[in-house]
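K.L.:
Could you build all of it, start to finish, from the sequences and the hints given here?
So the chains spell out like this:
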Amino acid sequence: MIDILTNILQTTVLYATPLILAAMGGLFSERSGVVNIGLEGLMTIGAFTAAVTTINTGSPWIGVLAAILAGIVLALPHAIASITFKADQVVSGVAINFLALGLSVYLVKYLYNSGQTPTVQKKIEALSIPGLSEIPVLGPSLFKATAFTYIAIAIVIISYIILYKTTFGMRLRAVGEHPHAAETAGVSVIQLRYIAVLISGALAAIGGACLSISIGSEFNQGTVAGQGFIALAALIFGKWKPFGTLGAATFFGFAVALSLMGQLIGLVKYVPSEVLSMAPYILTILALAGFVGRAVSPAALGKPYEKGSR
Amino acid sequence: MKKRAWLSLLLSSVLVLAVGCSGQKGAEGGGDKAAGFKLGLVTDTGGLNDQSFNQISWEGAKRAQKELGVDIQPLESKRDDDYIPNLTKFAREKRDIIWATGFKFEKVIPEVAEQFPNVHFGIVDSNLGGKIPKNVVAVTFKEHEGSFLAGVAAALTTKTNKIGFIGGISSPLIKKFESGFRAGVKAANPKAQVTVAYAESFNDVTKGRSLAKNMYNSGIDVIYHAAGGVGKGLFDEVKTRDKGKYWAIGVDMDQSGLAPDHTLTSMVKRVDTAIFNITKDLKEKKLETGKEVQLGFKENALDLAKSQHLKPDVMKKIEEYKQKIINGEIKVPKTEAELASFK
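Taken in sequence, the protein lines are chains Y and A. FYI, the numbering for the first sequence is 9 to 318, going by this note's numbering. FYI, the numbering for the second sequence is 286 to 628, going by this note's numbering.
If you're looking for bench data, these hints aren't it; they were derived computationally from the structure. Check each hint, because a few of them may be wrong.
[Claimed, not checked] Distance condition first, Cα-Cα at most 35 Å in a straight line; then the derived DSBU-like pairs of lysine-lysine:
hint	chain 1	residue 1	chain 2	residue 2
1	A	Lys351	A	Lys524
2	A	Lys609	Y	Lys117
3	Y	Lys130	A	Lys351
4	A	Lys609	A	Lys389
[Said to hold, decoys possible] Calculated Cβ distances over 12 Å to all of chain A for the following chain Y residues:
hint	residue
5	Tyr114
6	Phe176
7	Gly194
8	Gly230
9	Val304
Idealized CB from N, CA, C, for every residue including glycine.
P.N.:
The following block contains the structure:
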């Protein structure tokens with residue numbers, strides 16, 4: 009029983025880590041009023057850049073830094089299109105997804121003449137914290153996790169502090185709720201939204217890096233495989249709040265862990281494995297529909313800001 | 286300089302493709318000499334250097350060139366939408382056999398084959414659901430037999446008598462791997478238990494890694510996978526564990542490069558041998574198309590990859606079982622139902 013609990017927790021944490029990182033990225037962008045469907049693409053470019061840089065420099069941490077840069081660079085066109093040129097934010101985000109996948113697959117082909125990068129040798133592996141990792145059940149999952157897990161949790165806490173305890177955060181939220189009022193109060197809506205979208209690129213890219221140089225060890229076109237969209241769902245499920253989003257991503261990881269565990273303890277004899285694999289998605293829909301209550305998005309979400317209009 | 290050379294190569298290949306697509310003739314050199322036997326090979330999006338199916342297939346083609354003097358020509362598909370144009374291009378050139386590497390071509394092969402009834406097509410790893418056009422040869426492998434030997438290797442290596450199997454998407458094909466593997470374990474070590482899990486995905490590495498983690502945590506010490514990209518997660522996980530204690534068994538090709546100290550062996554499909562043999566038979570007019578050709582140990586199309594981690598006595602046992610399969614003494618089960626009645 010203890011073993012099963014330990015396993016479930018470990019899988020939960022492993023699965024949730026990239027989701028938390030990407031969802032936190034989405035949080036900044038969306039709280040400032042810019043929809044970010046492009047999380048998937050930003051993760052993809054992060055995963056790609058991290059893998060290639062790590063292979064070439066031998067240092068996974070330089071890989072992470074490069075991924076952050078790449079995420080920011082790719083988020084820039086989304087910011088320019090949706091903030092400066094007031095394009096439809098969903099369309100621009102979708103374009104980012106296509107661009108990232110196309111570009112990274114093309115570059116992998118160009119660099120390695122193959123469908124995937126070579127194996128990343130120097131990875132960011134599990135980091136065990138002496139003492140704490142010995143605690144039964146919690147220890148192996150929380151204190152023997154990859155460095156990305158600690159980063160993710162730290163980012164959630166820092167995001168909470170930034171959003172709710174600093175002037176910057178207050179302004180950012182104001183811009184997402186009522187940009188005209190914020191502008192009247194002397195806040196630059198455009199500038200804040202730019203910053204928010206670029207932060208979102210950086211964080212989502214770290215999430216992608218986690219997939220290619222920690223959990224996995226290469227990049228190919230299937231590396232991210234929809235996790236950016238799940239992160240987006242977690243953000244909505246978490247009601248655009250840092251801890252809510254953390255909870256939602258963890259819940260999703262937990263649901264996956266349960267479905268995997270279900271197979272290993274022989275539940276497949278009674279339930280087909282296809283159904284077990286669907287369970288996380290069904291649980292998420294149920295939770296979203298029934299228990300969470302109405303998810304209220306930031307009031308100005310998706311609306312380009314035009315000075316003087318109302 | 287090197288980069289520039291690559292770029293020009295890329296550009297020119299794009300140009301050739303564009304010309305080919307627009308249907309103009311004469312862009313391709315050397316195609317009109319007739320006389321010789323001509324082979325075309327269309328890859329899926331993995332490309333010729335994918336260290337997997339496409340690459341091994343191309344090895345087979347190259348061998349045919351060397352030993353049989355066959356004229357060979359590859360075409361890499363950049364997108365799934367390229368399959369039909371690429372196959373069509375070769376068909377227009379009237380190549381004698383056009384190979385499609387892998388089951389991804391399942392849908393397009395019958396379509397193109399119908400348009401060019403005088404050209405022969407070959408597909409690897411699919412029997413087209415049993416409906417094979419007259420001018421197509423469908424090559425499949427007796428994966429259950431190869432998996433049986435993987436099962437024997439696992440059963441004789443485990444110290445805990447607990448063994449794992451990770452499948453991709455549950456389907457008759459992957460069940461073939463599972464059934465053969467479990468039968469092998471049962472035959473060589475009836476005390477060992479096999480835990481089976483399906484990721485219901487072929488590319489979710491996180492899932493593969495989680496499944497492997499959970500299995501190893503629960504005392505399993507050897508895991509075999511038939512899960513494509515999901516299986517990479519198995520190697521990522523096993524690498525972080527004690528050497529000589531935890532093992533992974535690869536599939537399709539020798540995967541020991543992914544975790545050299547932890548890969549017990551791999552169940553290898555010799556796609557190159559298959560392509561070479563069938564091309565040869567076709568050239569010598571010894572093969573009737575319109576059928577499924579199933580290859581196994583007898584044809585030298587399956588094997589366990591050589592590995593220093595397999596002990597000599599284990600190797601001996603494996604060899605014994607292999608002979609028994611070849612001479613029909615053991616009939617390896619392909620399905621769950623057949624497995625239930627196995628010995």
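K.L.:
Taking C-beta pairs only, is Val304/Y more than 12 Å away from all of chain A?
P.N.:
holds (31 Å)
K.L.:
Holds or violated: is the Cβ of Phe176/Y farther than 12 Å from all Cβ atoms of chain A?
P.N.:
Consistent with the label, Phe176/Y stays out of reach of chain A, its closest Cβ about 34 Å off (over 12 Å).
K.L.:
Verify the proposed pairing of Lys609/A with Lys389/A, using a straight-line Cα cut of 35 Å.
P.N.:
holds (34 Å)
K.L.:
Does Lys609/A pair with Lys117/Y here, judged by a C-alpha cut-off of 35 Å?
P.N.:
Not satisfied, since the Cα-Cα distance of roughly 44 Å exceeds 35 Å.
K.L.:
May I ask you to check that Gly194/Y keeps its beta-carbon over 12 Å from the closest beta-carbon of chain A?
P.N.:
Gly194/Y is indeed farther than 12 Å from all Cβ atoms of chain A, at 46 Å.
K.L.:
Minimum C-beta separation from Tyr114/Y to chain A exceeding 12 Å: can you confirm that?
P.N.:
violated (9 Å)
K.L.:
Hey, does Gly230/Y actually stay past 12 Å from chain A on C-beta?
P.N.:
violated (3 Å)
K.L.:
Holds or violated: Lys130/Y with Lys351/A, Cα cutoff 35 Å?
P.N.:
With a Cα-Cα distance of about 40 Å, the restraint between Lys130/Y and Lys351/A is violated, given a limit of 35 Å.
K.L.:
Are Lys351/A and Lys524/A close enough, with their CA atoms no more than 35 Å apart?
P.N.:
Answer violated: Lys351/A to Lys524/A is near 39 Å, above 35 Å.
When held up to the earlier numbered hints, the structure conflicts with 1, 2, 3, 5 and 8 and fits the remainder.
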